[in-house]
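Enquirer: Assemble the whole structure, with the sequences as input and the hints as a guide.
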Amino acid sequence: MARTKFTFEKRQKEIAKRQKKEEKAARRAEAKQLKAAPESVVRTEDQEMEDVSADLPPATENPVHADDHEEGSR
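Counted from 1, the sequence shown has number 51 at position 51 by the numbering used here; the numbering is strictly sequential.
Note that these hints are calculated values from the structure, not bench results. Since the structure is predicted, the reported quantities are computational estimates derived from the model, not experimental observations.
Once the Cα atoms are required to be at most 30 Å apart in a straight line, the calculated BS3-like pairs of lysine-lysine come out as:
1) 10 / 24
2) 24 / 5
3) 24 / 13
Pair ranges (Cβ atoms, derived):
4) 9 / 50: 50 to 58 Å
5) 50 / 6: 53 to 61 Å
6) 34 / 3: 43 to 51 Å
7) 36 / 3: 49 to 57 Å
8) 36 / 15: 27 to 35 Å
Glycine residues also receive a C-beta, built at the ideal position from the N, C-alpha and C atoms.
Expert: And the structure:
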């Protein structure tokens, strides 16, 4: 019959429990910090998308494709 390694398993369980507790504390601290931040500092996803789209050049109605360019030069 195989012997269980109770102390090893217990230690691994304790390590996992401690790590989960630390991660939870970090999440709570981050949430608390975001809640305490003024509304003007907190950015929404829509605002971020507007910033990204503002950086892009405007789309043209007739884009030039590489295939179109090759046919004209033949």
